[in-house]
Amino acid sequence: MNTVNFVTIPSSIVPDQEILVFGKRRLTYADLNDRVSRLSAVFKQQGLKPRDVVALLDTNSDLYIQCYYAAAKAGLTFLPLNYRAKDGELEYMINTADAKLLLIGDRYMDLIGRIKPKLKVSKFIAMGHASNAMPGIEDLITKAAPDESEAEVEDEDISILMYTSGTTSLPKGVMLRFRDFAAYVTANVEMADGTERGAALVCVPFYHIAGTTAYMTNIWTGRKLVVMGQFDAKAWLEIVPRERVTHAFVVPTMMKQLIDEPGFASADLSSLTNVAYGGAPMPVQVIRRAIEVFPPIVGFVNAYGQTETTSSLTVLGPDDHRLTGTPAEVELKLKRLNSIGKPLPDVEIRVRDEDGKFLPAGQVGEIIIRTARIMKGYAGREDDARLPDGWRATGDLGWLDDDGYIFFAGRKDDMIIRGGENIAPAEIETVLMSHPAVDECAVIGVPSVEWGQTVKAFVVRRQGQNVSEADLTEFCRSRLASFKRPESVQFIDALPKNPLGKILRKDLRAPSGGV
Amino acid sequence: MANVLGKRYMCEKCGTEVLCNKAGTGGLDCCDTEMKIKEAKPLPSSD
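Protein sequences appear in the order of chains W and A. My numbering numbers the first residue of the first sequence as 1 and each following residue consecutively. My numbering numbers the first residue of the second sequence as 1 and each following residue consecutively.
Hints are computed from structural coordinates only; laboratory data are not their basis. Keep in mind the model is a prediction, meaning the values are calculated, not measured. Treat the hints with care, as some may be off.
To be verified - Derived lysine-lysine pairs resembling DSS-like cross-links, with alpha carbons at most 27 Å apart:
#1 W:376 with A:38
#2 A:13 with W:376
#3 A:38 with A:7
#4 W:357 with W:376
Isolated chain W (complex conformation):
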């Protein structure tokens, strides 16, 4: 199934229903379908053929969603780029994906100008108006005639190539097929048929799987999608009453910013019925406060998933967040607020030990999953964590309780998750090691109520060299995406190592309070 059907079919049934809102722009299904058809014609005019890659670097907008569906309509693979990535990271993603066309938001023109000589991509379109001999997308859409034809896609064709931070220093391109999204969306929501389904506010970036599946499911099911360019707590609290938002998804960091926002207490959140969170472990003190301060009707949902599994695998539902009942029931619910819930209907979950043996309740092991929407693989790599019989190793540690609730116990490797962004320590260590005064270093995540985890570096100075914490953070700032920069640096005499010379990160974590 071509995912553009998520627009074309509702458009043929309820063409006049308003479905997409961004700032002052409001689109019905018919409006959306018309722009997608024109944009698909634009992509074809650029010479793109099915399975070619079109990359997009910009913040969220209604136009961003149109670009995805137009790419799908033309049978193209869509590459949503992380707008927080730095020059070298973008260059790597764009070149290894072999992108044929790059769509660029206004604020990223200078960045692309800097790396353009190193890029293999030859076609560029500005997401705003024409600039630097680059055509502007609005001009092209206006001039194009709608192309109603729809590319026939095969089961194995890639719809989205989504780069996620890997355990090595290089990002990994997760190949998600049209059928992965079709399976996720049709299994979890009913098609739009004129039934009132409320309004959803999306503020997570579209280069994240949660942002992508949010626009796919809501547009398919007929829930008006209100798009924020980037998250801002004050603006979020203003949009909810204005658009009568019923559903929203936030990462834990956003949740904390919302409840800390001075205007929270006076904000009208009476339309809200459903607030989901995920992307990183939620500090229990934050969700407990949220339960207290949001209107009682709000049902909270903790969603756990991976890019590689086309979003959510498990959910902890609203009933588990209602801290009511007998003291024993409340105590059990409080414990379960640390849980990631139970698997969705199309997902099987087990916990296994190092030898691959399934573990009983209460024992920590690796979480493995089986579902019809596991990625095709990583672009250009063989290590896809596929196990026999359709299982996939998540790389996450966890355990089950007696009632089948799953508890997350950290990454099997040492990935740091800061505010929903995955950070591979090796990437930061590589940068630090390139500083002339650094002899050895190791990077870990330390607990943070604000971000879930933050980045801490342990550094052994080269003999006779004097370098400060500020010097090193500044050195990293100019070479890494801002969220990857170490927020603290501790100088030590030697790194703890095992007899084989491997760094013992657990020894470094212990004095930091554990992870």
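Use these hints to put chain A onto chain W, whose structure you have.
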């Protein structure tokens, strides 16, 4: 039995799934058997 707009139909024998994007009075058969409606199980989140 008439088919229903927006519903998925599944063949219990071969696993084929069909999505109805325009309803009619006919029925759907696969592997000489009537295809059954497969309901979505609503996700209790923003999705």
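To see whether the hints hold, each was checked on the structure:
no. : hint             : verdict
1   : W:376 with A:38  : 25 Å, holds
2   : A:13 with W:376  : 25 Å, holds
3   : A:38 with A:7    : 7 Å, holds
4   : W:357 with W:376 : 25 Å, holds
Checked against the numbered hints above, the structure breaks none of them.
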